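Sequence lines, in order, name chains A and B.
Here the first sequence is numbered in my numbering, starting from 1083 and rising by one per residue.
Here the second sequence is numbered in my numbering, starting from 1083 and rising by one per residue.
These aren't lab readings, by the way, just hints derived from the structure by calculation.
Owing to the predicted nature of the structure, the values given are computational and were not obtained by experimental measurement.
Just so you know, not all the hints are guaranteed correct.
Because identical chains cannot be distinguished in the list, a pair is counted as satisfied if it fits within a single copy or across any two copies.
Unchecked claim - Here are the simulated lysine-lysine pairs, DSS-like style, with alpha carbons at most 30 Å apart: (1) Lys1102 with Lys1429; (2) Lys1315 with Lys1102; (3) Lys1315 with Lys1191; (4) Lys1102 with Lys1091; (5) Lys1362 with Lys1315.
Number of protein chains: 2
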Amino acid sequence: MTNLQEMGKKARTAAFGLQKLTTETKNQALRAAADALCANSAEILAQNARDLEAGEAAGMHPGLLDRLRLTNERIEAMAEGLRQIVLLEDPIGEVMETFERPNGLILQKRRVPLGVIGIIYESRPNVTADAFGLCFKTGNAVILKGGSDAIHSNLAIADTIRNALETSGITADAIQMIADTDRSVTAALMKLDDFIDVLIPRGSAGLIRAVKENSRIPVIETGTGNCHIYVDKEADTDMAVSVIMNAKTQRIGVCNACESLVIHQDVREALLPKLAAALKTKQVEMRADEGIRAYLPEAAEATEEDYGTEYLDYIVSMKTVSDVSEAIDHINRYNTKHSESIITENKETAERFLNEVDAACVYVNASTRFTDGFEFGFGAEIGISTQKLHARGPMGLKELTSYKYVIYGTGQIR
Amino acid sequence: MTNLQEMGKKARTAAFGLQKLTTETKNQALRAAADALCANSAEILAQNARDLEAGEAAGMHPGLLDRLRLTNERIEAMAEGLRQIVLLEDPIGEVMETFERPNGLILQKRRVPLGVIGIIYESRPNVTADAFGLCFKTGNAVILKGGSDAIHSNLAIADTIRNALETSGITADAIQMIADTDRSVTAALMKLDDFIDVLIPRGSAGLIRAVKENSRIPVIETGTGNCHIYVDKEADTDMAVSVIMNAKTQRIGVCNACESLVIHQDVREALLPKLAAALKTKQVEMRADEGIRAYLPEAAEATEEDYGTEYLDYIVSMKTVSDVSEAIDHINRYNTKHSESIITENKETAERFLNEVDAACVYVNASTRFTDGFEFGFGAEIGISTQKLHARGPMGLKELTSYKYVIYGTGQIR
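Next comes chain A alone, as it looks inside the complex:
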């Protein structure tokens, strides 16, 4: 059994040292870690082969096997990811505000690391390097709990980075990977609130729910996206088809993909024939209410459950509304507060939608697929927050920081 208390203590000690590192020292260590990943690729691939073998033996789905598979190219991409983080501005130490009080106290609000970040993930092994890079650049220590399927790959990547840190004169405990794949470890990790400041789950809706329900550590909820596109009566219907096709089919398995269409009744005749024709070219299954099916009898009947489902598949639900209010109500009822878009030429209607739809990212005349740290220009992304506390939407480096108030006095008392 992993000694989590011990790991927690080591992470806390590491974090104390990391907060003091200069930007240049951190950047040098990130470059060293990138180089080490490339230099150690043979060993990483050998460990990855063990995971692949176990996956094949267990009858893992080919799609999942592909996500798990590392290649020299993918390792190079991981290293490149770290080198990109070197180029990003270091937010730590920034003086966010300074103000003086009538009693002469001078207050400074300074940006500081969060401290120790725990990340629980099920995804591809590249998350190991990515998450380390972002946490390290912001002076945070990280404890990682990856999926059991990728455990040998994850450990090989983490060990490579740990060695590179030590060679750079930095504590290896800036990154710790939990080797134990037992689920009880995840449960115990969630109780480690004495040592971990924030827990970020990345993966399935089930994982995220379990963490949210059981964690004593503050959680940043990420990921699930039941994203809508509302086509208003004053929409450019060609634009609507183009945006819907992009949001629905460009990549189906991602959280910012569109899952549901809300369609103004007055635009059905102009929109639905060409939309259906386009969706058919990608074999997208349509599930619709009666208002849509009157125009598209080939669509299946949508159930209540459909409107609440993030398909992550070539399926789309469709709902007719009689005005923008009904569209907003429908979206606020079923969405996961991720990304929502309206297609309209009417600025007032757009502004109402943007103001009243409750989501991290609300769009007018654009694809929901842009909700992404890179697309937003943050240069990186640790996840997309769907909660309102701390950070909302794509989380880059700044979202991995906290602040402290530093107060300069000359003996002031109350």
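Dock chain B against the given chain A, drawing on the hints supplied.
Coordinates of chain B only, in the frame set by chain A:
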């Protein structure tokens, strides 16, 4: 049994409306609520008398009875609190950032309400009006769960405000008070994550721990303060005595009061005799390690437990250190990340302490008692956060907000 689901739905609906209110409408309603509290003082006092009677019958401590007691003056102070909130700048709608991407998308980061805030508190009935005022000004709906001791007072205050809102044409459900005082309701409230965006517990360390451990809703941890003052070898010892006396004795029951002194060994001789003399004037009990007791034999022996205790009493623990590093280590080990102060004339030593001590507020040459929304100039305070997520230190209006990204496109796809 209270129908919490129903309250949650009502709060969500109310929040949807509140986010759209103009600043002027909100201010008018706050003024109306303030006037109503004064106009309805007889009824509020009558309900408060019921709570006081029950408290006396149950043998409640006189100090607690005093906290529970309302008077015309205290009701006027509550109203004045609401009027003060009118004067504060409305943060909602602020465009925090605007940026354009190479593809022509224009992104705006806009400040929005959190949505529905749950507050669980044990404190005085005035929190009911205060919490409402801060949440309302920031466009949030609030669900309140006060202590059973003050239930009649709290309900009378909430009903008065609800009536005032309705008269102003605003939904009364902007404030809902849970009438049921059974503890099971608190447990159920913590599971209401479909309707409540943030839960803020205000009260004892036990209450806060229970909420943190059991809530599915994101929590902002507030309050407990095991605050230290470190007297460096290069301290102005007269300033040290003055700051310590203020931080320890000006008000003992508050979270920003000093609980523990860390003293450089080289300053003992100059500091301890006059410090002990001053502490004696207020009957402060001293609990110290051997290094201090060598100079102050009258001090009791401090145990490990003393260093971890927030006394909220006329007791102070004392610890000798040989340098600032040891002081920082000691404080980071035992503090609750609230407020810490160093007394020194050496700027380098001060800067090191300010950087390396992990707390919401770190002071040089000032009393920890300044950690307070009013003292910081925020004009109000919903609590003092001791966690690193979302908000740290005194929380004013801005800390009761979130943001959303609003993205303007012209048909962009990926």
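**OP:** State the violated hints by number, sorted upward, taking the hints as numbered earlier in the document.
**Re:** none
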